[in-house]
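Student: Here's the letter readout for the chains.
2 protein chains.
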Amino acid sequence: MEKNLERIKDSSLHDLVVQAENAASWIRDGMTLGLSGFTRAGDAKAVPFALVERAKKEKFKVNIFTGASLGSDLDKVLSEAGIINKRLPFQADATMRKNINAGNHLFVDQHLSHTAEMIRNGVLPQIDFAIVEAVSITADGMIIPTTSVGNSLAFVTHAKNIIVEINVDQSEQLEGLHDLYEPAEQGRRLPIPLTKADDRIGTVGMPVDTDKIRGIVFTKYMDSPSPIVPPDHETEEMAQHLISFLREEVHAGRLSNNLAPLQAGIGSVANAVLHGLIDSEFEDLQVYSEVLQDSVFELIDAGKVNFASACSITLSEEMMKQVYGNLEKYRDKLVLRPQEITNHPEIIRRLGLISINTALEFDIYGNVNSTHVSGTKMMNGIGGSGDFARNAKLAIFVTKSIAKGGNISSIVPFVAHVDHTEHDVDVVVTEQGYADLRGLAPRERAQLIINNCVHPMYKAQLRQYFEEALTRGGQTPHVLEKAFSFHTNLAKNGTMLVEEVKSYV
Amino acid sequence: MEKNLERIKDSSLHDLVVQAENAASWIRDGMTLGLSGFTRAGDAKAVPFALVERAKKEKFKVNIFTGASLGSDLDKVLSEAGIINKRLPFQADATMRKNINAGNHLFVDQHLSHTAEMIRNGVLPQIDFAIVEAVSITADGMIIPTTSVGNSLAFVTHAKNIIVEINVDQSEQLEGLHDLYEPAEQGRRLPIPLTKADDRIGTVGMPVDTDKIRGIVFTKYMDSPSPIVPPDHETEEMAQHLISFLREEVHAGRLSNNLAPLQAGIGSVANAVLHGLIDSEFEDLQVYSEVLQDSVFELIDAGKVNFASACSITLSEEMMKQVYGNLEKYRDKLVLRPQEITNHPEIIRRLGLISINTALEFDIYGNVNSTHVSGTKMMNGIGGSGDFARNAKLAIFVTKSIAKGGNISSIVPFVAHVDHTEHDVDVVVTEQGYADLRGLAPRERAQLIINNCVHPMYKAQLRQYFEEALTRGGQTPHVLEKAFSFHTNLAKNGTMLVEEVKSYV
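Chains A and B supply the protein sequences, listed in that same order.
FYI, in my numbering the residues of the first sequence are 1 to 505.
FYI, in my numbering the residues of the second sequence are 1001 to 1505.
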């Protein structure tokens, strides 16, 4: 305990140390909680777990706002405990997903750069308790986050009360890794002075009004590791297509050999595609992303990436050991910022990012569905993909051309939910090839997508749709009564494939 | 002629004066032209008309890039002449619309802030000839635009050749009205230093390499006036609902009585809604928009608006006389900027705009279709609505709840084309009422939209759809096979209304 207290450099706060159960007891029915945590990293753990314990004896509901998805099965147990009224802005848990889709609790799927703005503007309910994981509290009252920043700065700044979970198993060496900057309110705001991925524009910790700190809890829960999904044949092919495209851009003089700052979405496909750059000719790369996955550290180790900025570090167990065991090696190559800054349209447009995100499905005109299976069931959420795709220099979406052994085509006539419109999608990539949609009219896009990206087993079927649509005319030809036929076939027959179309040329 | 030459203050350029026919003769098959002009204002007219004349004797095709729609029936005659290969980023002409939808020429429907970026990045073909209307050329070789700026700065900066149309009937008093600023290339760009609607950050004219000026043509064609569509009962009701909403925001402390800088889309509905502010309690308003229509000048005259920034001024004939006849009165209250700056995500997010745009239709979850009739036929284009809605503090969409005497409901189960996703739409307004969708999950949004915005004749039908969808479950419940039933009913029966549903509660 004595040693733990050394993590609270402002000794006037030592009296605030409590057990997680105590802190959890302050939370009332109807409150709104702002939890640290972004894609399994840096989540407040002890107090939420204690809250779940409380729910075994007591009925209450709270709104849970976070950075993104939580680790340690927290989204699962919170959801199972039945204490969630509304959850935002992102989740990625199977149980929570089930409860959301069953209508058991509400989920607001938001652009990850928007939440902090909506808290600051008073559009979302005020946070009653911000509960944030920290490495330490500095002598001047700054909270040093751990492995993610997420929305924590907005939470602590605008919350009525703060509970700090100091994770004594997280290295104090993390101090100095973060760069905390909060824009002023809209209309009184100056330009955000960040012009390069490695600029530092803020403070190393979150400056807070220490009077709002109600309690400090010591914890030892480590972050959940990411499951390792190694690159497979298809993701390797996708990486090669992406590299071919980038090579063409360099050749055309639109990119240099250092490319432009890279963003890659969470998940195994984007991770594998990014990993593919390791054997490319591109060098002195920079990353300006949301989450740093294993691939970024592999690229740093290979000398390909010289700097990486993000709001969270989400690693496999093995990579965790390597990175956190050798922080000295990586510290000057990394910065962690609030997700409002990593995903800010101002910065994304200014830096001219190359943005690589995963699509669930896309359609023949280039609209992308990132979230809803068959248009209705939430998968995870849009995350930052919209922040990036809208404002990036190159908005690239990747997906395998088929799923479920070929019963699903990832390219359909009309996506059953639109997260990214035709206006925002520059390039689509599958293991079949890529389609560069920039400057193309819808009829041109459809031809290119069907030719380059669709799996051979679905080409005839999509061509048939497109040709029938052409007979109807229009800027974006469609046969509305058949636009969702791929999806309704899947629901009825277990496959999108229509046998008799196979012979269609 | 002598007098005309006074408009070219750099006398070394006097030799470049030619007839429009001469200038038009330089244009070759396959070239790309960048024409000034944004929503009927400030379009190059003489050379394009001469080009149309040439097409009577000669076969050729060109790409036509502009700021937005052209006036003087130029889009009509260019389209009829059959000389267009590709047109971007916006149009609003009935004949061109017909040709686009028939597939007779290609149309790329772009966010209006994106075109300049894509020209600078070399993604679009290089402009062979920029043809821009001007008031004059200064002694130091700057081109002073007339009533719009649009994409002209990007066109003249990046074009191989420039043709200037000096409109001697446009007052030289327009000099000083413009503020020309071009961001550096992405990655080397500094923050755009604009922090208030009335900031000036650039030059009064377009600085050009005068060696690129191939010809100068004197013209007298005035801009086409806007048709006057006076406010009607429904638009007045929409304005009142909008004012109620804004009043609530002020009451909740989220806006002050000066609101926030206003943007309003082109068209009679947005114009009428903005006009409605004239009798409101709000004052000292500022406008940071794309196009200034009559309503903005009415608000200036009424002392409600004290400054207006835009990239184009598009007025009725009567208002043209008043404004251009009294420029002294308005000059210090106006600035015209490139559309890349008026529509820039960096500025829109920084200023925290209130953005009001017209929807063609929206769905029960808040997705908006701005462009495609029945999902296929292009109306005009997305224009700046996406630039604004994505990044504004308040993204508001307005539309009458029904059209064609009630045969069309503007609220449908699933929009047949998505231009603005549920993530980007804050408030929807019809003459029935408004729905504030911020922070709501899809199931909450559907209830609110059906209750507040749908016309009574369609409430039962939409409730029935939603309730059937709820039996299927999901975050965003849908019955995919019936999602477009409103549209297919319209195609089949001439109405979206299903008689037997009328009794459904």
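Rather than coming from a laboratory, the hints here were simulated on the basis of the structure.
Quantities reported herein were computed from a predicted structural model and do not represent experimental measurements.
Yeah, the Cβ is synthetic: ideal placement off N, Cα and C, and Gly gets one too.
You may find that some hints are simply not true.
As the list claims (entries may be wrong) - Where chain A lies over chain B, by a calculated footprint (3+ residues, C-beta under 8 Å): (1) 1102 to 1114; (2) 1192 to 1205.
What the hints assert, rightly or not - The list that follows gives simulated cross-link-like pairs (lysine to any residue, SDA-like), each with its CA atoms no further than 20 Å apart: (3) A:Lys-304 <-> A:Lys-220; (4) B:Lys-1196 <-> A:Glu-248; (5) A:Lys-86 <-> B:Glu-1481; (6) A:Lys-482 <-> B:Glu-1481; (7) B:Lys-1086 <-> A:Asp-15; (8) B:Lys-1196 <-> A:Glu-185; (9) A:Lys-220 <-> A:Leu-327.
Student: Could you run down the list of hints and mark each one as holding or not?
Tutor: Okay, the hints, checked on the actual structure:
1. 1102 to 1114: This one holds; 9 residues, not fewer than the three required, reach chain A with a Cβ under 8 Å.
2. 1192 to 1205: holds (count 3)
3. A:Lys-304 <-> A:Lys-220: Outside the cut-off at roughly 34 Å; violated.
4. B:Lys-1196 <-> A:Glu-248: 40 Å, violated
5. A:Lys-86 <-> B:Glu-1481: 30 Å, violated
6. A:Lys-482 <-> B:Glu-1481: 9 Å, holds
7. B:Lys-1086 <-> A:Asp-15: 71 Å, violated
8. B:Lys-1196 <-> A:Glu-185: 13 Å, holds
9. A:Lys-220 <-> A:Leu-327: It holds: about 19 Å lies between the C-alpha atoms, which stays within 20 Å.
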